[in-house]
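Chains as they are written, first to last, in our numbering: chain A, 1 to 199; chain B, 200 to 535; chain C, 536 to 956.
There is no bait here: all hints are sound.
Quick partial rundown of chain C residues pointing at chain A, CB under 8 Å, derived from the structure:
(1) E709
(2) A889
(3) T891
To be clear, the hints were calculated from the coordinates, so they are not data collected in a lab.
All C-beta atoms, glycine included, are put in the ideal place defined by N, C-alpha and C.
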Amino acid sequence: MTLSQFQVRFHGRGGQGVVTAAELLSVAAFYEGRYSQAFPTFGSERAGAPVAAFCRIADRQIRTRSPVSRPDAVVVGDATLLHSGDLFAGLGTDGYVLVNTSGGIDRPALDRRLAELQTERIAALPATELALRHLGRPVPNAVLLGGLAALCDVVSLASVQRAIAERFTGPLGAANQAAAAEAYAMVAHPAELSGASPD
Amino acid sequence: MTPGQPVRFFQVGSFAAGNRLLAPEMRTVQSDATRANSLTSGHRACQGCGEALGARYVLDTAMRATGGRLIAVNATGCLEVFTTPYPETSWRVPWLHSLFANAASVATGVAATLDAQGRNEVRVLAQAGDGGTVDIGFAALSGLFERNDDVLYVCYDNQAYMNTGVQRSGATPPAARTATTEALGPEPGNPFGQGKNLPLIAMAHNIPYVATATVAELHDLEAKVLKAMTMHGARYLHVLVPCPLGWGSAPAATIELARLAKESGLFAVFEAERGEVTASSSIRHQVPVEAYLRPQSRYRHLFDDTGAVLRPDIVGRLQALADANIARFDLLKSAS
Amino acid sequence: MLRQIEGSQAVARVVAACRPQVVCAYPITPQTHIVEAIGAMVKSGELPGCRFINVESEFSALSVAIGASATGARAYTATASQGLLFMMEALYNAAGLGLPIVMTLANRAVGAPINIWNDHSDAMAARDAGWIQLFAESNQEAADLHAQAFRLAEEVSLPVMVCMDGFVLTHAVERVDVVTREQIDAFLPPYEPRQVLDPSAPVTIGAMVGPEAFEEVRYLDHARHLDALGSIEAIAEEFAEVVGRPCGGLLSPYRTQDAELIVVALGSVLGTIHEVVDEARDRGARVGALGITTFRPFPLDAVRDALGGDARLLVVEKAFSSGFGGVLSTDIAMAVEGAPSRISTVVGGLGGRAITETSLRRVIDDALEGRLERLEFLDLDRGAVEAELARMAANRRSGPVAENMLRSLSASARRTGGGRP
Ligand SMILES: Cc1ncc(C[n+]2csc(CCOP(=O)(O)OP(=O)(O)O)c2C)c(N)n1
Ligand code: SF4
Ligand SMILES: [Mg+2]
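With the hints as extra help, turn the sequences into a complete structure.
Right, here's the structure in full:
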């Protein structure tokens, strides 16, 4: 890799919208004048099956097409995936982790790599709860993006909101934007809100 | 209850008699603890998949009828995909998937070999989705009918190409939204065509047995499989299997929607032998088609947010289709 | 217009901008998003004058396009894998009749075993069907090649297949400058058929030809293919003038000057190859790459020029011919006649297995050191293969190979406590 690149890997279950999340992240980066690339691991999977999606963001054209094997951030859309498979493979010690859970994250028990991460680089976000509250549906993709924007600052909340607005029209778009904003606030200021402490 | 049989509770449709209330010999194959479990758990179908249910009922019943001497041939489609990525293979019958269009012909090859080898006690069942049956596999199936090959062919009709992401098939009903018939323009959803009623087309081949069924009536479905297996030659069973993903319905609504399809008259449940209708299942509590359409988001464009009918013209045409079915198959005769 | 867009959507927009009159569709992954998007445009009235026909098989999809094209319509369809093979007879027919149909092939492996992921076995199966085959390296190129494909098909009266890697491109969201209708109108003239069904001037299309003329008719196909080589270059140049960016053409060389090793490939893997080439160059290794944009007709002379000199050649292929070896490599060997000993073939990326930078780096190093066999399989799990061969040797009824393989892989995954990605 000749130039700095930010690579995100999303893990979730079919129906949660992690493929859309990766896509919206790439659109948000595009709005900021960056190059970006999003693509899913496409299984012939049905609703509920594990899926992954990737997003790369860079300042120059992205040519590589291989799956992200050394992510800078890992987003886990469903906490039940935490104990299946190697979700954090390739994550460096300066990486970021965002997990959708209404509980906390028991770092060392999960993965030794998490124990090495800085506390402020790991966030637990009750994304499904937020989605249910704002949209009435357990589809946490926009919520996760709001959280990710707060966690690692790779795209602004405004760009995320714009990508959401472009994708979801009408009341659904407004609700998703509100959900993303709340997620952003929760991750950006964990101390001021209850239930979102990273540990 | 027979001694030693554990007490089990089964979810049954509101019109069906619970197995517990029936004499043992009248209970369903599914309620039998010793059933074959031909399609076991662990497969990757969506929650509430009607096709998974239908296939399980059909295969276990065919296994009972043949004493376990059964070979299954499967076309490409959801059923094939969600049951086979190993180590989750869910089949406990000898099972062959070849291609999308050729299940009927592959089954003919299996049957011919069993015949040539004098192993006629082993029976053959071919299965496919509606796309694999009424569209791409149609020529092969018609050939199987015309030669009267000794195969029971089962079509699981979820009314679209679900495996590839819900595109229209020849069995998609008018007005239904699919990925290739979006709810756009003056005639939203699938256009009103001439329809392609495969049970009727099968009947036109004068084959020994044609039947339709739904996953809402398990006793009826199993009885039809048992009956088909008492016969030889080409037999065709068409099972309506709601698909939560493609129909945009709640996973828990699968059985209810299958029942409403029949009770509205949109899906006629009947049997035919040698080209003549021999029996049809009467509607017990007729419902207007809206009751069936409303819970499915593939028909969302016909209703407003409160559920009121937005397109009475289209709903009216669908009701006319139901009424025509009712008249044709005499579905409002008093229940026999 | 510059957009962050899914490859399939970009292609759909360009096809729509070319104003096709008949579009036929039959679903097969990973091509579906393209025709679904066009179908929605037709239904919403965005594409007046276009008929969108949902057919009952791929055989019918291409057959509808044949009828439409012979009647003077600009006709388009798309497919992949099993679908392409199911249209095979119509494929040869469309080419033999000289009908300028454009098709997107979202490259996907051919079964059995059934597999929905990317490789090039479908395109290679149709290599000799008489279609022009163009391979896209990125979604920008995939989109632009479609505009050029209509122009090319109609100019030379041959069908054109634009190959884009299934999922890797069709489902990737990236930056694409989508040509506008105005740009297309400046570049693509109205379709002027060479032959058309017309009551005012009746012709017989599809007449039987016996031994007295069959060879000549066939030769004319070949001649038109050779002619097309010139058209492809000219059209690419004109496209660059109108649209303001280069795209298409016969080949895409990358840092080949003074190279001691040139990696040759088709399609989207070239992007990853370019990354690795740059890395190698940074290390001082003289490595370059050659993308084959036009695979049929095969630009023999241009390839010979591009690969002249004595560089070693490493052909990376996502398909192969069982019992023989590389497919593209055979053509490359023909182009650099006399020097096949400098060619190594690496078959990889089959059925969607990712071709990673790490693996490419390794084979490039091996090639530079002269450690490569003539034919290698990238990241092949030798253990699994040996175990199955042993099982087959030991036991007559060893069972279905695919099932055995998966069973042993899942058993070893359980032993090591992890799954394969
Ligand atoms: C020749 C060919 N064309 C297309 C496909 C892609 N394909 C696989 S399954 C499928 C749809 C199956 O639909 P249906 O038969 O109705 O079964 P369902 O998945 O709905 O149960 C399609 C289009 C294929 N495998 N082979
Ligand atoms: S898409 Fe429909 S048919 Fe396929 S597994 Fe899901 S519910 Fe069943
Ligand atoms: Mg179907």
